[in-house]
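Participant: In case you want the letters, here they are:
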Amino acid sequence: MAPLLEVQDLVIGFPQAEIVHGIDFHIDPGETLALVGESGCGKSITALGLIRLLPQGAAIRRGRVLFEGMDLATASPRQMRDIRGKRISLILQEPMTALNPVLTIGRQIAEVLRRHEPISAAAAERRVVELLDLVGIVEPQRRYHDFPHNFSGGMRQRVMIAMAVACNPRLVIADEPTTALDVTIQAQVLDLLDGLRRQLGMAVLLITHDLGVVAQWADRVTVMYAGRIAEQAPVGAFFAAPRHPYARGLLGASVGHEEEAHYTTRRLAEIPGSVASAAGLPGCPFETRCPEAIPACGIRPPALEPVAAGHRVACVVEAARTGANHAAAHG
Amino acid sequence: MMGVLDRTGTILRRTAIQVLPTMVGIIILCFFLLQLVPGDVADVLAGESGSATAETMAALRARIGLDQPVLTQLVTYLTNLAQLDLGRSARFNLPVTQLIAERLPGTLLLMLSALSMALVFGVLFGWIMAVFAGRWPDRLLQVLVLVFYSTPGFWIGLMAIVLFSVKLGWLPSNGSMTVGVTLSGWDLIADRAKYLLLPSLAMASFFIAVYARLTRAAMLEVQGQDFMRTAAAKGLHPAVIQFRHALRNALIPVTTMVGLHLGNLLGGAVVVETVYGWPGMGRLALEAVLGRDFNLLLGVLLLSSLLVIVTNAAIDLLHGWLDPRIEAH
Numbered sequence: 030m031a032p033l034l035e036v037q038d039l040v041i042g043f044p045q046a047e048i049v050h051g052i053d054f055h056i057d058p059g060e061t062l063a064l065v066g067e068s069g070c071g072k073s074i075t076a077l078g079l080i081r082l083l084p085q086g087a088a089i090r091r092g093r094v095l096f097e098g099m100d101l102a103t104a105s106p107r108q109m110r111d112i113r114g115k116r117i118s119l120i121l122q123e124p125m126t127a128l129n130p131v132l133t134i135g136r137q138i139a140e141v142l143r144r145h146e147p148i149s150a151a152a153a154e155r156r157v158v159e160l161l162d163l164v165g166i167v168e169p170q171r172r173y174h175d176f177p178h179n180f181s182g183g184m185r186q187r188v189m190i191a192m193a194v195a196c197n198p199r200l201v202i203a204d205e206p207t208t209a210l211d212v213t214i215q216a217q218v219l220d221l222l223d224g225l226r227r228q229l230g231m232a233v234l235l236i237t238h239d240l241g242v243v244a245q246w247a248d249r250v251t252v253m254y255a256g257r258i259a260e261q262a263p264v265g266a267f268f269a270a271p272r273h274p275y276a277r278g279l280l281g282a283s284v285g286h287e288e289e290a291h292y293t294t295r296r297l298a299e300i301p302g303s304v305a306s307a308a309g310l311p312g313c314p315f316e317t318r319c320p321e322a323i324p325a326c327g328i329r330p331p332a333l334e335p336v337a338a339g340h341r342v343a344c345v346v347e348a349a350r351t352g353a354n355h356a357a358a359h360g
Numbered sequence: 618m619m620g621v622l623d624r625t626g627t628i629l630r631r632t633a634i635q636v637l638p639t640m641v642g643i644i645i646l647c648f649f650l651l652q653l654v655p656g657d658v659a660d661v662l663a664g665e666s667g668s669a670t671a672e673t674m675a676a677l678r679a680r681i682g683l684d685q686p687v688l689t690q691l692v693t694y695l696t697n698l699a700q701l702d703l704g705r706s707a708r709f710n711l712p713v714t715q716l717i718a719e720r721l722p723g724t725l726l727l728m729l730s731a732l733s734m735a736l737v738f739g740v741l742f743g744w745i746m747a748v749f750a751g752r753w754p755d756r757l758l759q760v761l762v763l764v765f766y767s768t769p770g771f772w773i774g775l776m777a778i779v780l781f782s783v784k785l786g787w788l789p790s791n792g793s794m795t796v797g798v799t800l801s802g803w804d805l806i807a808d809r810a811k812y813l814l815l816p817s818l819a820m821a822s823f824f825i826a827v828y829a830r831l832t833r834a835a836m837l838e839v840q841g842q843d844f845m846r847t848a849a850a851k852g853l854h855p856a857v858i859q860f861r862h863a864l865r866n867a868l869i870p871v872t873t874m875v876g877l878h879l880g881n882l883l884g885g886a887v888v889v890e891t892v893y894g895w896p897g898m899g900r901l902a903l904e905a906v907l908g909r910d911f912n913l914l915l916g917v918l919l920l921s922s923l924l925v926i927v928t929n930a931a932i933d934l935l936h937g938w939l940d941p942r943i944e945a946h
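Protein sequence lines correspond, in order, to chains D and G. Residue 30 is where the first sequence starts when you use the numbering used here, and the numbers rise one by one after that. Residue 618 is where the second sequence starts when you use the numbering used here, and the numbers rise one by one after that.
Check each hint, because a few of them may be wrong.
According to the in silico footprint, chain D covers these stretches of chain G (three or more CB under 8 Å from chain D) [to be verified]:
id, region
1, 682-690
2, 857-868
3, 930-943
Honestly, the hints are just simulated from the structure, not real lab data. All values reported here derive from a predicted model rather than from experimental measurement. For each residue, glycine too, the CB sits at the ideal point set by N, CA and C.
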């Protein structure tokens, strides 16, 4: 199956600093890919870079973003406008501020329909009411004329989802869609998004730092660290046996609810140091914090090497260990 | 929508409740302030005629009612006012209502024209400055706006007369219409517009600067908001995003200031109407002060306050439409 979206050697930077240092990943049609990492690792910038809505000053410096036979990294602004909202849509983190406070939500959803489809205002309004109903908003006909401040955070995120799926896109980029919501609402919103993904056959790029969310809603996971990809794996394989020391550290730093352990009874494991320690080093960005670092780590950034089917890791130590296992198995 | 009607009703009701006490308060305050001014209308009339005796002046004061105690005068004025009688102007020997009615349309026209000019050019300049922030159109307009901000309106008015009336001869320097010709239709409108242009500019210049700076700041602030990215993610054209999503949010602080500026605008009318010989209430007020014509002056002040209250209510309504988060309290 040909991937829906393929990112090749993508480099994104501000004039003073490079943020994303050449990453490769792909998204298959209809799947949910989780992009995981801590704040500042470049995951949001990567997502915004895909549809070229980067903040002022940031720009794609190198690489390709292949989507439906087109390279989005070099597409014209006009081509990008035809794709945004229609083929690829975006859900932002903060539903409180992502909607325009002075326009009714009905009008804001109708806007995307009327931009991409030749339908009358009346037909657009009917479609919007259907969409509001689809995302579980009660009395959609009446709520059409309400303003964002009349909705709760979870309801606003439902409005954002209605807006995102209005034109039946192939890919929805959800940038931490539930970080601003409390946990019960979080599950409802993600269930809704997942249901719509199946129903409408779209793919979802789910950006998050919450491994619980990844385990429950993603098909595959890509872990980013300091602007590079550390590990890529199917969700099952990742949670069963994470291969990158950073990914192992992340899993060690979280507590599953089914476990006996709790932060009140046992100290959570932590990863020593901070991301900033990677700045300016020639080698693996995780080297200074890594419990398994060897001298070879400091030479150059490790390449992403396959360690199993669909499972790739950027770690010198781990690649050597896999190679040795293979040699032992075959020798 | 129910919400809009409710809000309109509430604002109108609130205005109706406030208007009476506010105006009575203004009248009483002004009445006592005017007692502090040296001299009265009898002195002025006597000085002008040059042949007054103590007896004729006393008779004059008795006729106008100036011989009564101050409180009695106030009560008489308020009693007349309750019957919608603003009294007579001692100097013009005409009913105050008639004098004001003659001048009110001129002032309203000038105010409306200056306010529209201030809003249109202020918002336009501010928008252009925000779009080109840091580049030469922005720098150029910043200088112009600074000149408008720091130069008194009457001086800009005088310089505009020197340039457009004296040197270029494009626009008239004085009055409100061409005297002695009968015009109709578009010719009439064009004639009035020609006379209106310079005084409006003089009155509006300071406010153009204020609104331009406010709009620029608000537009730049809006650019960083999340909903602007949401709008871009819908595939909208940048011009549509700026107009539909940014401008309306940016206008909210501007309308707030417009409400506060209405009083200043009326105050500025006194100077501008004098410079351009515009027959409005501002000049009437000045003449009333110079002639110690207190009945007339109180009438003008009363009407000005009413004007400010009514326009403020209109701004409140506009504000509620621009920003639905504002609920009328």
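Participant: Confirm or reject each hint.
Facilitator: Hints, one by one, checked against the model:
Here's how the region 682-690 of chain G fares: 0 of its residues keep a CB closer than 8 Å to some CB of chain D, so the rule of at least three is not met and the hint is violated. Given as covered by chain D, the region 857-868 of chain G passes the check, having 4 residues with a CB less than 8 Å from a CB of that chain where 3 are the minimum. For the region 930-943 of chain G, the stated coverage by chain D holds: 4 residues have a C-beta nearer than 8 Å to a C-beta of that chain, and at least 3 were required.
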